[in-house]
Amino acid sequence: MAEQRVIVVGGGLAGLAAAVRVAEAGVAVDLFSLVPVRRSHSVCAQGGINACNEVARQQGYSEYEHFDETIYGGDFLADQHPVLEMANWAPRIIDLLDRMGVPFNRTGEGYRDLRLFGGSLFKRTHFAGATTGQQLLYALDEQTRRYEAEGKITKYEFWDFLWPVMDDAGRCVGMVGQDLRTMQIRAFRADAVVMATGGCGLVYGKSTNSIICTGGAAARCFQAGAHYGNPEMIQVHPTAIPGADKLRLMSESARGEGGRVWVPGIKGGDGKWTKHPRTGQDPRTIPENERYYFLEERYPAYGNIVPRDIATREIFSVCVDDGMGVGGEQQVYLDLTHKPKEYLQRKLEGILEIYSKFAGEDPYTMPMKIFPAVHYSMGGLYTTYVPGSYTPSEARDKHKSGSPSPLDSRVGQGMQYGAPGSMTTNVPGLYAFGEVNFAYHGANRLGANALLSCLFDGLFCGFGVVNYVKDVSKNGAAKQPQGVYDRVVAEEERKQKALLSTTGGIADAKTNPYVIHAEIGAEMTEACTVVKSETRLKQCGAKIADLKERFSRVRLGDAATWTNQSLSFTRSVGDMLAIAEAIQMGSLERKESRGAHYRTDYKDRDDARFMKTTLAKWDAASKSVKIEFVEVDSSLIKPKKRDYSGKDAGAGAEKKVAASPHG
Amino acid sequence: MTTSTATTSVRPKATSRNIRVRVKRSDGPGKPSRWETFGIRVEPGANVISALQKVAANPTTVDGKQSTPVVWDSGCLEEVCGACTMVINGKVRQSCSALLDDYAPNEGDEITLEPMSKFPVVRDLWVDRARMFHNLKRVRAWVPIDGTYSLGPGPREKPEVQESRYKMSECMACGCCLEACPQFNLEQDEKSWDTAFLGAQAISQARLFNMHETGKVLEGERLDTLMGPGGVTDCGNAQNCVKVCPKHIPLTESISAMGRAVAIHAVKKFFVSRK
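From first to last, the protein sequence lines stand for chains A and B.
First residue of the first sequence? That's 0 in numbering that gives the first Met the number 0, and the numbers climb one at a time after it.
First residue of the second sequence? That's 0 in numbering that gives the first Met the number 0, and the numbers climb one at a time after it.
A hint or two may mislead.
To be verified - Think about it this way: if two alpha-carbon atoms lie no more than 25 Å apart in a straight line, the pair counts; the simulated SDA-like pairs of lysine to any residue are: (1) K509/A x S66/B; (2) K509/A x E525/A; (3) K53/B x L499/A; (4) K64/B x A506/A; (5) K590/A x V530/A; (6) K268/B x T213/B; (7) K616/A x M165/A; (8) K53/B x E548/A; (9) K166/B x P339/A; (10) K590/A x A521/A; (11) K340/A x M167/B; (12) K136/B x E147/A; (13) K242/B x S163/B; (14) K117/B x T181/A; (15) K625/A x D574/A; (16) K639/A x E295/A; (17) K496/A x E548/A; (18) K157/B x E348/A; (19) K166/B x E360/A; (20) K64/B x T502/A; (21) K151/A x K473/A; (22) K23/B x G63/B; (23) K117/B x Y155/A; (24) K542/A x N57/B; (25) K496/A x S25/B; (26) K478/A x G420/A; (27) K23/B x Y513/A; (28) K340/A x H247/B; (29) K30/B x E156/A; (30) K53/B x T524/A; (31) K64/B x W561/A; (32) K338/A x P241/A; (33) K338/A x K246/B.
Hints were generated in silico from the structure; no laboratory data involved.
Please read these numbers as outputs of a predicted model, since none were measured by experiment.
Okay, chain B solo, but in the shape it has when bound (with noise of 0.2 Å):
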């Protein structure tokens, strides 16, 4: 919060500009990527998502050729829904909060968006996140609840603990940790989810649901899946992931309770296996 405002607060009065938007592009998987670039005029509060829908209308490039709209993930255009993720300027973050009074704020500065590396790219901007919601699954991050019966209230819960688990629960998916990782890495292959590392987003998750009272019922599955291949261990501790998430979710502070729970975990299952 602090350091958002006091960014936005030194950001210099932008005027109405020409500026150019350079875009990786590919027609579909598998298919080569190549780079086209874009002008258009720009209002001041202008955000990336309104300079693609411009070009949308009018995909003339910059030499004059009649190109197509350019195709991207976008949702609810206010960073709740984690959508619009992308690599812009070489920085990976949503493109609906990225204003161009702060990537191109001159008359013909130009800015570059490609699509995240660590997914499968569906057609120019679009990646494919589908192994994150499989992660979800993986390290079962749910509350295994007695079905939707009138049962009464749930656990009563301290607001320490409701303000931890908040922050967690912010998490939209959006993949920004996971290109940041030098250990997460592009798996084209569905079979090879299963084994792959889980990385930071799916790891946190698998904390807030062990941090409920409910939640905990499958807390050693979850510490199965994270001792197991893909898991905990496989974190480098490059701690890019907390950098780059955009709802300042505390995920190396996560990372690291599951290493503990995990390493207890494994002493746990080393006694009870040799009774």
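Isolated chain A (complex conformation) (with noise of 0.2 Å):
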């Protein structure tokens, strides 16, 4: 075992768990990330982690309706399986977050405190405050350090993924990376590597991604041959803070906790409501029958707590369709001021703090204003996997909220633990783990799955990457011939030498690689965000094209060859422009309505045609994307329309109201 390498890509939750369940196994691992790992955008989720717990489970809730919500709230376009074993997994993961000293909310009698998140009538959001990304991710940091100290894992911090390595029979057997200070282009030998990256936020210019998430190292290996699932599927959050560098997220957890939404509005006699003659004044002086509360009357049993693609879909609707925008643009109030402040601090106090120092408001004593903004990719590369046990002869009707759950919640009826086959790519021996795989959350991420899915790809497939590495080490990576390696230096030396051969002279905005950036940002949140049609997506397919044309001959503003940030960036523009035609391509293909896909001209969910994964492939011949579509395993519960605006919305409802005390 002793000479066994893996590589992991990303220092994220997804990358860090793989690292430390890797490392644990004995083999070694090497940790490539852009930042240290520790400034990963993990830092960023902010409202908690679902899991069946005790208390919900002994009203009524089961990782088996875990698993029921997060197909449903993903309008079944996730393959059920691997969401099984998922859900299933949750409460362990929580444990042993808890085992790793995460701080997360208590209650009196020192449990841990649960909140209420959207498609779910019951409390089985985890968090810490309001910052439980960043308490997950610097736990397994921690636990990260200590094998660093031990020597089992290796980091390589400030270093960009540049390609795949692959040997003559196409298995993966290693990567070509750069360092971003002294732009030393290596090759680095592996016998599996896990790509966990995160998700393409970059490509809409502005979202509430980190400046990291450019989505560059998934598309360099879309580019060198792995499938993609799903790329038109891109999840809008439906609140955020507008800014002029980024969209500041501001958390369901707002939501979960109590907060409204609502607009200034007169109800007519016919129950219609119209835009207020002082909308944008001081929220504070609207009476209460002058607020339309427009979630709450259109969704009775979720409320402001339905799933976000409707949310946001309702807020753009409000905004642009009704005109009755907060000052007559785009923003809508999210109110906490009827909330005692004590009890806002103690559960939210981060992500207020957020709002006060961007906005420059109390959001304590002033509605916050808000809007949507791209946050997070459900699509990905496309990944494979090893279903369990469970095989029903039939497909399950939908779970009803609160009834008895038709498993037990064994390892293995969803996946089988340890298999070599779960979420690697079409090329062997290359894993995608995390937000940058396809896979878990459907058309639709529920709030707080993410986090979840990513130390479940972590800790559970990255056991069956230990297994893969030992089936493969007989001709592993360290058998390779060294041309192997050699060839990709070579090719990455040249793509850099001719991006630098361009500088001196950016002044023109047509090959200025900041500008393309920003073009491709606002087109691509013009065209592929809340409603998409076919007129705009072909107008956006030549607009790409173009920027492709354009981008062939950019113009870099600096020639360094020690810490050229503008290299990395210009590189990643073009590695962008792959992504963006994927989301396009799948945009325009998928001729139906479903979860975040919202089609005008297709308004409807059409099973027969389109109840299938999206696979973006790469043309290297034509440099262009080519878009199949292949069956969802959808063999445990039955497709059924996806409504949430039913009065109990499939029972369970009272659960809102039982809860806990402490909300």
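Starting from two chains that each stand alone, build the complex the way the hints lay out.
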């Protein structure tokens, strides 16, 4: 075993969980990250992490219901077996984090406190203040540091992933990377490479993502032959704070803890709301009966905690279609001022501080102004899995909320534990964990399921990677001829030389990488977010083609051979174009509406034609994207129309009231 | 919270204007530094990061010289990752939450950006803070769990304990406390890191893990480090750290608590060694 090595690319939750899991099994890990891993984008996750827990269980909740909610919330686009396993594992993950010292909020008796989150009628979200992602990442960062101190994990921070290395049989046997300080390009051998590089928010210019979430690493794997699933499924978070450099998230927990969404309005005799004459003026002077709580009115059971895609579309429609945005602008109120300050400080201080810092207003006394922003990519590198032991002869009807679970939560029913074939791409030895893969969230991710899927991949599928490298030990990376690596290094050096030779004049906006990036972002935000249509998507396709041509003539503003950020940024802009094209093509070909993907020209879900995964492939010859569709595993729960507007929306509504004494 | 609200609520309504960004630049470790000033147009609500982004897209100085994009470190842009820390108008802080309306509210105003001085410069405003992470190893800032196997929940915890641990655990290793500390000095040579002053960040992390039921297992080792060279007695009690911490972590309280723990630990060790 001594000579086996695994490369993990990305030091967020998924990457660190994988690194720890693999190192623990005695396999050496080389961990690559654009930033010191403690600064990865997982720090931005605010609200919490979902798992069945004893309080909810005794009210009728179960792992099975968590599974059912996730499939339903994702509008039946996720393969079902992996989601079942994830929901079953979730409570184990919470326990493990608890043992690692994550300061989860506590009840008076010292148990873990819980909060309500979108898409569920039960409190099943565990949280650490309003910076849960940060706290979880730190716990994993600390365990990683422990293994690093013991020599089991080697970190390469401030390194960029440039290209996977494939042997002649097409197996991934390492990678080529670049030190972003010295600019050294070199190859690394590994028996398996785990991509855990997160999302691609920067394709949209401004989003809630960190500046490092370019999607570059995934795009390079895609262009090297890895397939990409459901690129068009991009989550637009309903509540963000507009800003010049980024759109800062206002966590769903603000709604989970009682935040109400409204706009000023006047209700007519016919029950219809119209624009308020004083909209935009001090909201505290608007009387209660002139406040249009549109989510509560349209979704009586779930109210403000409907799933994200629905909340986003409703906010969008109130602002754009009804022209009722606050002050006539694209913004609505998210109001917490009816809650006691002490309560808000204990539960939400971190995020409310962000609001007051960046918006310059006090959210304890003044309703916040928010608008939707690109937040998460449900799509990502296409991965396969090895199904577990639960294979009913017929799919069950949708689970009735609060009814007894048909299954226990034993390991291995959804996916086989330790199977090397889970969360692997079509390139053997190349894995994809966390947000960078397309699994688990279907067409829409439920709040507080992202941290879970990242950790689940790392901890559960990480064991599969260990078994894979044991299996290939006889013909592993150490036995590969050097030429396999040298040719990729030479190609990357050639690309870099070509880019560096273009320096000396970025004055022309047509070929300025920063301008090209801004134009990609603006175009993608307009054409490929909340509402899409064939006409607009075709325009977007033409724009991308134009930008690809302009990028082929891109000019760099910096020729430095030391810490050249312009070079790495420009490289990622080129890669964003590949992802942008996949998103646009997937959006165009999926002629239906499902979850986050909403077409004005195909407003209904079309299971017969499109309950399928969009499979994007890169055609190296034409340097363009080709789209296919493949079957979705729906063998466990029968598809049903997704509807959150009912009075009790699938029973269990009374639980919202029962919940815990702390709500 | 109350202070930030107070300052933000009195902020005058800024308008779109031209400002100057003066940046201390350097091409790499050991290279001389120089000043360059860029003129940019900003909108109300813009922060230092968006100013640097504008400079990157058009790096022409006010004297009309074609320069290169300024290099700086950044990540989340919402003050939870710690990456974009720099010295702004002489004070250390995160540049993402530094709004230009506060620093350069009027037409023609100038804002000055410098790299932190206690860490080696990589290039321009980007410094290498690897020593902070090294110091976390020195104080064994982790809970020594028995692996990732399913072994049930962790220890139960009182809400008061959770609240103080959470506060300390918000430390994003930004380095503000170290930049402001008179006792914490630039150490170019990695070999000196093991004996140089740990600073408030690592001392507070040692306290955080000593407070956890399982983390306590390593308490003795942590106190040995804090008792040794570069430990808690090197603190000169200037109390600058707590004033600049963007997360309002009670750093001086942590240093006092660790000082007391080290004193008790030393007495215990003295008696054990005499047996």
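Cross-check of the supplied hints:
1. K509/A x S66/B: holds (19 Å)
2. K509/A x E525/A: holds (20 Å)
3. K53/B x L499/A: holds (21 Å)
4. K64/B x A506/A: Within the cut-off at roughly 12 Å; holds.
5. K590/A x V530/A: Roughly 13 Å between the alpha carbons, so the hint for K590/A and V530/A holds.
6. K268/B x T213/B: Status holds; Cα separation ~22 Å.
7. K616/A x M165/A: holds (17 Å)
8. K53/B x E548/A: holds (24 Å)
9. K166/B x P339/A: Since the Cα atoms of K166/B and P339/A sit roughly 21 Å apart, the hinted pair holds (cutoff 25 Å).
10. K590/A x A521/A: holds (23 Å)
11. K340/A x M167/B: holds (22 Å)
12. K136/B x E147/A: Distance of about 9 Å is within 25 Å: holds.
13. K242/B x S163/B: The given pair, whose Cα atoms are some 18 Å apart, holds under the 25 Å limit.
14. K117/B x T181/A: holds (21 Å)
15. K625/A x D574/A: holds (16 Å)
16. K639/A x E295/A: Given pair K639/A, E295/A holds - Cα atoms ~23 Å apart, limit 25 Å.
17. K496/A x E548/A: holds (19 Å)
18. K157/B x E348/A: Holds, at roughly 19 Å.
19. K166/B x E360/A: Status holds; Cα separation ~23 Å.
20. K64/B x T502/A: Roughly 15 Å separates the two Cα atoms, so the pair holds.
21. K151/A x K473/A: holds (22 Å)
22. K23/B x G63/B: Given pair K23/B, G63/B holds - Cα atoms ~18 Å apart, limit 25 Å.
23. K117/B x Y155/A: holds (23 Å)
24. K542/A x N57/B: Roughly 23 Å between the alpha carbons, so the hint for K542/A and N57/B holds.
25. K496/A x S25/B: holds (24 Å)
26. K478/A x G420/A: holds (22 Å)
27. K23/B x Y513/A: It holds: about 23 Å lies between the C-alpha atoms, which stays within 25 Å.
28. K340/A x H247/B: holds (19 Å)
29. K30/B x E156/A: holds (23 Å)
30. K53/B x T524/A: At roughly 20 Å apart (the allowed maximum being 25 Å), T524/A and K53/B satisfy the hint.
31. K64/B x W561/A: holds (21 Å)
32. K338/A x P241/A: Answer holds: K338/A to P241/A is near 24 Å, not above 25 Å.
33. K338/A x K246/B: holds (24 Å)
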